[in-house]
Amino acid sequence: MALVNPGFVDAVKQSEAFNASACMNCGVCSAVCPMGIELLPRKLFRYVLLGLEEKVLENTETIYSCLLCKMCEANCPARVHIAENVRFLRSYINKKVFKL
Amino acid sequence: MPLPTGDTIGILADNLRMRNSVLPISAKSATSWARGLHLPRGAKTVLYTGMMYQLIPYIAAMSKAQAGIEDSFLANFVKLGRQVNKVINISAFMAMPPKSMRETYNRLLVNIALLLQRAGVQFGYLYEDELYSGALVYDLGADDVLKAHARKVYGTFQKYGVKNVITVDPHTTNMLRSVYPTLLDGYDLNVKSYLEVLVERNIEPKNRLDREVVIHDSCVYARYENVLNEQRTLLKNAGVTVKEPAYSGKFTLCCGGPAESLYPKKARARAEARVKQLKEVARNCVTMCPICYVNLQKAAGGEIELADISSYLVQAYC
Amino acid sequence: MSDQKRIGVYICHCGGNISDYVDVEGVLRAVQDEPGVVVAKTAMFTCSDATQQEMVRDIREQNLTGLVVASCSPKLHLFTFREVARRAGLNPYQYTQVNIREQCSWAHTGDRAGATEKAIRLVRGGIARTNFTEPLEPITIDTVPKVLVVGAGIAGLRAATGLADLGLSVLLVEKSASAGGKVAGLGKMYPHEKTGREIIARLVDEVKRRENITLFTNAELVEKSGSIGNFRVKIRLGGKQREEIEENAGCIIVATGFDTYRPREGEYGYGIDGVLTLAEYKELLDRCGGGLVRNGKPVKDIVYIYCVGSRQQAGEKPNRYCSRYCCNAAVHASIQSSEASPGIHQFHLFRDMRTYGKFETLYGRARDQGAVFVRYSESEPPAVEKGADGKLKVTVKDLLTFGEQIEIPADVVVLVTGMVPARNEALVDVLKLPVGRDGFFNEIHPKLRPVETVVDGVFICGACQGPKNSAESVASALAAVTQSASILKKGYVELEPLIASVDPGLCELCDVCAGACPYSAIERDHYQGKEVARVNEAVCKGCGGCAPVCPRNAINLKGYTDAQMESMIDAMLKEIG
Amino acid sequence: MNYDVLVVGSGIGGMESALKLGDMGYKVLVVEKEPSVGGKMILLSKVFPTLDCASCISTPKMAATTHHPNIDVMIYSEVERIKRGRDGRFQVRVRKKPTFVNQALCTGCRQCEMTCNVAVPDQYNADMVARRAAYIAFPQAVPKKAVIEREGTSPCSFACPAGIKAHGYVALVRAGKYQEAFNLILETTPVIGSLGRACYAPCEGECTRGDLEGPLPIRKLKRFVADTYYREHAEPEHKPAGEVKDKKVAVVGSGPAGLTAAMHLARRGYRVKIFEAESRPGGMLRLAIPSYRLPKDVVDRDIKNVTALGVEIETGVRVEDPAGLKEQGFDAVFVATGTPGTRKLRVEGEDLDGVMTSLDFLRRVNLGEKISLEGKTVVVAGGGNVAVDSARVAVRLGARRVIVQYRRSRAEMPAHDWEIKGAEKEGVEFQYLSAPQKFIGENGKLTGIECIKMELGPPDAGGRRKPVAVKGSEYRLPADFVITAVGLAPATEQLAGRLELNQNGTISVNPETLQTSVPFVFAGGDVVTGPSMIVNAVAQGRRAAFFIDRYLRGEELEGTGYDYRMPAVDKQKVTGRQRSYRTLAPVPGREVTGVRAGDFTEIELPLTVEEARYSAGRCLDCGVCSECRQCVAACPAGAIDMTMRAEEVDVEASSVIVSTGFKLFDANLKPQYGYGKYKNVITGMQMDRLLAPTRPYNTVLRPHDGKVPDNIAFILCTGSRDCTVDNPLCSRVCCMYSVKQNQLIMGALPLADVTVYYIDIRAFSKGYEEFYQQASAMGANFIKGRVARIEEKEDGNLVLHYEDIDNGGKLSRAEHDLVVLSVGLLPNTGVFNLFDGDKLEADEFLYVKEVNEDVNPGQTSIDGVFVAGTASGAKDIPDSILHAGAAAAQAAAYVERIRMSK
Amino acid sequence: MKEEVRDIREIIREEMLMRDKILAVLRDGPKTVPEIAQALGCPSHEVMYWVMGMRKYGHVAETEEEDGYYKYRAVAGEGK
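Protein chains in written order, with our numbering: chain A, 32 to 131; chain B, 1014 to 1331; chain C, -7 to 569; chain D, 165 to 1066; chain E, 7 to 86.
So that you can see chain A by itself, here it is in the shape it has in the complex (with noise of 0.2 Å):
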């Protein structure tokens, strides 16, 4: 059982352009990623989105891997930013972790 956070998304959204919340979840991204890593992008921000804040942190090395090619982005049918929103939580990450 996952305790679902509501408050975690705004920690890591910064500013409008994070809008994880826009997908639709039809699964395209994650199948055209050429990572394909199951997680990469749309369950990594189920997790941001339900707040399970520990989720995302186990999965660091994920999130770096990333590559911002925007192939899912150029496949999203919802206008999702998502290697905007991968950033975002780059960013979140290098200040909570890394202390950077």
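Heads up, some of the hints might be wrong.
Claimed, not checked - Quick partial rundown of chain C residues pointing at chain D, CB under 8 Å, derived from the structure:
#1 9
#2 262
#3 263
#4 352
#5 458
#6 473
Said to hold, decoys possible - In silico DSS-like pairs for lysine-lysine, Cα to Cα no more than 30 Å straight-line:
#7 D:261 <-> B:1263
#8 B:1289 <-> D:957
#9 C:200 <-> C:309
#10 D:540 <-> D:460
#11 D:589 <-> D:534
#12 D:974 <-> A:44
#13 B:1263 <-> A:126
#14 D:204 <-> C:67
#15 D:260 <-> D:735
#16 E:27 <-> D:841
#17 D:834 <-> B:1256
#18 B:1057 <-> B:1165
#19 C:174 <-> C:186
#20 D:197 <-> E:62
#21 C:186 <-> D:1003
#22 E:62 <-> C:33
#23 C:174 <-> C:226
#24 C:200 <-> C:481
#25 D:261 <-> E:62
#26 C:216 <-> C:67
#27 A:86 <-> D:974
#28 D:411 <-> E:62
#29 C:67 <-> C:389
#30 D:197 <-> D:247
#31 C:110 <-> C:67
#32 C:481 <-> C:67
#33 E:77 <-> D:957
Hint data in this document are derived by calculation from the structure and do not stem from the laboratory.
By construction, the Cβ of each residue, glycine as well, lies at the ideal position given by its N, Cα and C atoms.
Starting from the known structure of chain A, fit chains B, C, D and E onto it as the hints suggest.
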């Protein structure tokens, strides 16, 4: 054991902060390509290399070392490295490419300058005052470091009274054209890729290249900056038969390069997958991004002939 | 056999609908020499314009006196071919439809030989019956230019003004004390963002201004007799003086709306403080100006649970249907909530998001605002409990995230409840309205005739026919207006003459027939000094229930006389050559 | 005409509105742009959730609409504009497109379609099979009448001066119908073999294929047709006209103009006699064209096409006074005596023995006179085709050296380039910028020429640079024989005073009717136009016959519209019809090489059967209909009318209902799915057609190879809910039509597996959820996950990539042998151009905006204009019906209000 | 498989050209679409268009199905 992500980012960020480049190289190395071209220092319009082409050989050399690190005890060294790096520039030790390689890449910049001259563009160059754009730290989400750096870069442009910037690679184009405006107030530079400038100027070919090439679009050009037709127009006008691989244009497949600095092995696997697609279509492959170029080159294994687009264009148009 | 008919027989391939399973040419060979047959042909589509014209030509040139078309169900094309006969100058009742599709090719797809044999027998029967047909004339009734509209919700109100616009008088009967129905209580609605109150106020005002609309509130329809074009209706008026008035109406439009599904106690935590139905939540929302507050406390986290009372597969008498409007209404509520309290967190627990058509943009807007959608499986529905901290907690397995079990804290849980049929037993009884398996009133054909019912002259519109939003209800109300006007603007209607008739000479008035008649069409009459049964032509539906029960064989059904039925049986049983 | 309501579009929404309004007693006009009413619904297999056959429930509505006493239907018509008049009523202009089939006569028997020789994709079968240029839209069409698709006259046919239906015979050759091809050409001219060899083929210059790899060899195809026919038919098959008139026509001259006129007149039943001055008929065909180019037996056989009709030819008769033939009993005369005269060089020594005019030279050779040039040096003076012909004949007569001398340079030379090249190959020398000044002889016999060099001066009035002699550049050219070829002229001296002549000696005629100053005398061909091409003479002969016939029947001559051809079709439009073209190289021309003295064998080699078929197969069917006229012959009702033209009709209406429907999403816009590239990826509409009773194939087959599929995938939301294709909307019907197709497939192919890839199943309307559950229970497999992309395998199977969301989000791939893209609906934006003045507003998605959807669904921004059905947004059929009912109610109310206010 | 798929209009236009050839191939007996394609040396999806066009206009008709493929035979007195 993976590379300690945070420390690597730290080293890169520190470098940018202290040495103005993620991978500092000497001013001499960075500007030597322009020798003999007699480009004016600064101008209203400048050719801005963003250091990318100059960095390629170093990146290549460094990632060779790093691929070894990825799964070894050396990984721990990186942790320590960040501390050391503050005093001694360790990344410079890690990476020293052979001279011939540096010359090859410098040649590409010369090509671009010649093409612009041929198209009648009046432009200058900032020489050792030119700074790296910060693309890598931007990608890694180190926004505060980037913002400070961007201010520095913009300051240099202002110092020289630059209004128009001609870029040579997609990453720098993206940073200067689309990212900086979101970071800096009053940012007013007009940024164009040299490919766009050449098409705008209706450059006329002198020689016909009867050749078949497969085109590998850069993700950043294709999906960030919508530079899709220019490269095709220039090649087709030169008589080149442009073949499209599986995944092309807007749906081009990443070369894996962006993973290079943190996950060299992953980067290599992506590059191999892409090379497989490219070689199905043609033996000659054209790239337009130094990162794609270097990353695919490593996976090419002699099965395809890679060339930067400027090498083709200079043959046809100059 | 009576005077020999000259019959034309047309057998349809129906594209491949029939000919894929029946040897159509074989049927032709087997029936072309039947008694009376003068012309026998097959056609790719007998209903096509070209074949229709060919039939007209044949009827005229060959002086045909009977027509048999073997194709699909008479439900589809009875009127098509009657019209063909009429255009050719042949009495439409000299034509027989033989159904070799629904009753034959589609029913026996695995047995071509058997299906072919059955088709032959059916066509032979049709030919035999046709040999005994007699010309009949439809019963013509003058129509009353007035329509009774039952229910003064948004559909009934709009139907009334629509009818009045066309010059028809309207009796608008509303059970409750005021007009307006459910919409009258609504705040902002999608997609136009007008409030229900405004819309209803405008419509009621319109209705009051029209001289040819009479609105009865606290009123009920209690009796109906007569038939299409001229119904006699009795309306019971409530209020102080309980009185009944009688009126005539040419058509009746039923717009009695729906009821909101009411969750059982404990269903998704219903009953716990903070667990509301969508309707209840909408009321809360409509009341809130800036900032969403409940019981004095700000509402920060909201969980919506969809499909409450809809799309049920299990349980006793499940509501299997989808209630259509609720996904849209819920995301619209979500948008309103975000606008009222920016920064709130909303979780939507859905099964399939059915924000169809342009409503997809509402769904998109809700997501853009940050609403999080969680998909649950019907087999593992979410559970709602009161947590120790006083907050509600909803646990659910999120199918969108590795199927993990998650627990969501909430200040309010909104149960997105659907629509259920309104309880209208009395009205159903009075109007003999057909009710579908889902409990809503049934149209005659869900595809092409969505407002007509099997009772001629009685139409249904709005949510009483099935879940709809208000704009859709209005569209169906206007469609019912069109349907009514197309009957009443003509001034007369023609009724089927295929009805029962009593031979008064034979009748001894035992009243058995009256008991068998579901439409109360048997009346009493005097004949040569005795009392006899008589069929009210306007009421009889030609169902044939009376004929077989008559102990004296005094009742015959026109078009299906004993002689016809017997000849059909003989022809069908004949040896296949 | 006055109507209460105009309904634009006759889909289910339009028909419903019209029928209900008609029932209420209003007068309705329905305008439909297709050849049948019914819209898209009639093309569906069955409808959900009742699984009624779509045809079965549509056809009654279609028939009822067309037969309704209060409804007029205009099919194949388009509303051009709607404008509100001063009285508030709408002024409507409708363009009735020509069907080229008389709708009153057509019985829908399909004979035209069966015989038609042009195959185009059948849009009513979603392009999965061919239809013909002449066609009936679909079996249940109402009305069931044929139309012929004609975009205009094909450029080749339009370019032919004689109006020969080049595209027509090319199409017939393509279909292997050589005899029909011959007969088609014969409708225009008898000189088919001759034209097949010696026509300058302006058709080829206009051939659209010329914009690709090169034009079709249209002339050679004509030769192929003639050769093939003549090989099998030494004598003509056709007989004199059945009905013979008592009027007689004399034709003076038996060249191409005279022969063509004689044929047309004889066919019309006139008794025709040709008078020919020479000893053999054929005019220039026989006399001027060398037989290595046009063998004389071909001319003979061509002439038989005329004499077989009973035309008599009298040779050796010179008619001095054409008008005088009246006394011999001729009611009309056609003078087509050509240009047998030759111009002089006006150079000293032209009368020497050894100097001959080209025409005289060629005539003698062609008539069999023995002229030996063995070992001689021959000079031909002139630069036209006749000069080159003479030179090449001289080569064949054994000349040692043949020189063509021309005053200007090669660039100005009027002879065809291929002729010059041919001559060069045969060893003919060319001396440019040089002219004879004097022929020198000894004892009256030519020995040489005194020549002078020329240079090009400034351009003359005609823009040609005039040659100027270079002073002092005289030189001497030894020669044994000189042929002067400087131009031909009519020999009309004896006509002077009898017929009005022009200054250059040609006969003066009315250019439209070819009538001369003497009313019963007509003239045409070179004697009127001056020296020209064969096909121009043919054109004149045909024209003359047409007007002589009218003259003899006492009909008005002028303003009769002789040429009924439609304007030429725009070539760019033609090439724009296809996205890609396979390169189909032209068949290279082949000639006999190595000329021997005395050898007059035809040099151009004919096309082989394979080459002819291949070449004809390159035709692009520019005009769509090829005008091969097979349908005209086949139609038992005589209903085909190629002269039909578009008509504009003005009507008035008080109110308008637009029910212009939707368009389907173009699956090409989603390249990830490979539609148009992968053969087994089809659209939902295509699957519906495959399942329909009037399906294009015998059952559901995959297009790659005709295999019965056994593992079919449906991809929902193709083009819907997808910002990458700029359509964020849900299309409302795709889920359900796919579920319907699932059920139908499971019925038709019990062994097939069906998988549906979806995001949300939107079974939201009455009975839909139950229908969806039923499909699920029948075994359809529903997978949540939008397919990201598809790959095609060698065997045509397809690999789908997707995230299997409900099962933990596994990145998955699945193989299927047929993929159906459940394409969505898009607005049909053409509707916004209909209105002039008032603006029909669109909503943000470009559907017709409903301005008061809450209480007046269907009300648009224009007072009195309503929208019904999918024109205002995607809808399923019941919702369209309801919406159409609502529109009808309001249109009726509007009409009532207008009536009240008057 | 990797060859460019031609424009449908172009393929369909060739039905008239291919008709005789296909009927000639069917002279030996009914054949499936891939069999006809092999005999003609043409891609099977193009043959599919031609055969189905010919079927629509009565030049060929299907016979029995075998392993998922129907065989098509020439229709005598074609074209009605």
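Which of the numbered hints are not met once you compare them with the structure shown?
Of the numbered hints, 2, 3, 7, 9, 13, 28, 29 do not hold.
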